[in-house]
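With the hints as your guide, set chain B onto chain A.
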Amino acid sequence: MKFCVCIKQVPDVTAPIQIRDGELAMDAGRVVLNAYDASAVEEALVLTEQHGGEVEVILIGPDRATETIRKALAMGAAKGTHLVVAEDAELDSASVSKLLADFFQDAGADVILTGKQAQDTDAGLGGAMLAERLGLPYATNAVGLAQEGETLVVTRQGDTGQEIIALPTPCLVTCSNDMNDPRIPSLKGVMGAKRKPIDSRPVVDIPAARVRTLRYEPLPTREPGRVLEGEPHEQAAEVVHLLETEASVL
Amino acid sequence: MSTILSFIAIQNGKPTRSSFEGLSRARHLAAQHGHTLAAVVLAPDASAFTDEIARYGAQTIYTVSDPIFAQHMNAPVVRALEAVIAQVQPALVVFPSSEGVKDVLGALAVRTHAAVLPDVASFDLADGGVEATRPVMASKFYARVRAEGEPVLVSVRSGSYEATESPADATVEALPFSFDESSLKQTLREVVGAATGGIDLADARVVISAGRGVKDEAGQHLVQELADVLGAAIGASRAVVENGMFPATAQIGQTGKVVSPDLYIGVGISGAIQHVAGMVNSRVIVAINTNPDAPIFEVATYGIVGDLYTVLPLLIEELKKAKAVAA
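Protein chains in written order, with the working numbering: chain A, 24 to 273; chain B, 220 to 546.
If we strip away everything but chain A, and leave its shape as in the complex, we get (with noise of 0.2 Å):
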């Protein structure tokens, strides 16, 4: 089965980050692959090493996204396609997914992989939003992926319980990272990227986007608590008592 993996560079979150006017403030080249998409791309490779088949990629993405395609190709991916937008292009997820849908009216996939949400947003609506835009069923949050036959069955992390869901391909399934753990890319893999083809499409017409984002915020911060002093049987009495009292929570 042909496996078409949607992916998206993101800043690396464990890097130092600083609002400054209302807009974040990093370093540029502290980028990744979005942890999630990561996890996609492995489940992908996993399953055609098992069954046969082929991985492709797709971002959408500034020019120096490239290294984040040549990323997911060192891991094991044949092919990239890179929707090249400018670096201060203002997508949202609708206009992700419209251009993801009209890639995919042409390209097609029998699957269709993407990350369940992206490290930096947190939205996780790109995948649903593909799904419906090309009629496929889908599934999200998927922790488990098998293939039986031209079906894939996903285990989908619901709310009260693990859901065992069979998808007919082609299909969408959108990963959590606690699917697996995606593999290093090897010496040898990382070379071999270098020659492997990604196709770069720059993007002539950006589709409205209806969401923005007008500036970043701090957080509310927490009081600072105070840790209790003592030997443990005194600490256990007095938070018991702190509860009770200036806490009022038992």
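These aren't lab readings, by the way, just hints derived from the structure by calculation.
None of these values were measured; they are calculated from a predicted model.
We treat Cβ as the ideally placed atom computed from N, Cα and C, and that holds for glycine.
Don't take each hint at face value.
Stated by the list, open to error - A few chain B residues facing chain A, derived, Cβ under 8 Å:
| no. | residue |
| --- | --- |
| 1 | Ala328 |
| 2 | Asp338 |
| 3 | Lys359 |
| 4 | Ala362 |
| 5 | Arg363 |
| 6 | Pro386 |
| 7 | Ala389 |
| 8 | Phe396 |
| 9 | Lys404 |
| 10 | Thr468 |
| 11 | Thr474 |
| 12 | Asp481 |
| 13 | Ala491 |
| 14 | Arg502 |
| 15 | Leu538 |
Structure of chain B alone, referenced to chain A:
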């Protein structure tokens, strides 16, 4: 005048608290802006919940009853809500941010041509649009976001607003729904590991959360005993879900559940940013950890630097004493 529609999610046979938090916020906005307030509930017998929903002030309650809603499946939920939205023409639809809602929100937005603001910590009607704050960058910052057009779909993180009653004489309108099951492409084979009778994590008033410090069965028992004394739900960090000590449904954090109980007790949890993202809105946070530099102490109301295997038996004893005095 237009309508604010609030979606009431049913879990384990009853409406979730976070649904009523959303409905309460929607009621305040409707009163402030002169809109009408409606609620929608999907269930095998949705009429069973209308009395409870009416207590939170919905003027009209739309019910869609069909056996297919006994278990979550995205396609029928999307179709039903699409039909309700087409009929009600709301300006704003408010959802609790559950896994079930996350599963349908994107598809529903496409089908109803709606703009959507997912997983918000606050939201308001502003100059013909909807503005919201939502945590981004692994919950390091809030983004102030704005959506244009009608309808706007908003899903609200649990604990962002209080659920407050304000009884109204509600009109109940049962909407017809027929879902052609042969059009359903996916099959739900089974739901495994579903908690039965346990306290739902996202709705719990008290949460005990276990981390890497809980190393063995004895530790699991201490966590369970503490939860029993307090009538608490049990949560966990990713580490102890991955090593199989706690079920995946217990995972709290950026990729798990968001909890905001009155009391959160972190047991052997270091407080990685991904975990803190899922619990930082708890009212009172107690942290027990051997490492005085653990980041959890930065958000804890009360911290105990110590070994949970020493501290928990003492804490359980003190709590039992306190309960005995209270009773």
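Verification of the supplied hints:
1. Ala328: Since the shortest Cβ distance to chain A is 7 Å, the answer is holds.
2. Asp338: Given a least distance of 7 Å, the restraint on Asp338(B) holds.
3. Lys359: holds (6 Å)
4. Ala362: holds (5 Å)
5. Arg363: holds (4 Å)
6. Pro386: Check failed: Cβ of Pro386(B) comes no nearer than 27 Å to chain A, outside 8 Å.
7. Ala389: violated (26 Å)
8. Phe396: violated (19 Å)
9. Lys404: holds (4 Å)
10. Thr468: holds (6 Å)
11. Thr474: Status holds, d = 6 Å.
12. Asp481: holds (5 Å)
13. Ala491: With Cβ-Cβ at 10 Å, over 8 Å, it is violated.
14. Arg502: Cβ of Arg502(B) sits 7 Å from chain A, so the hint holds.
15. Leu538: holds (6 Å)
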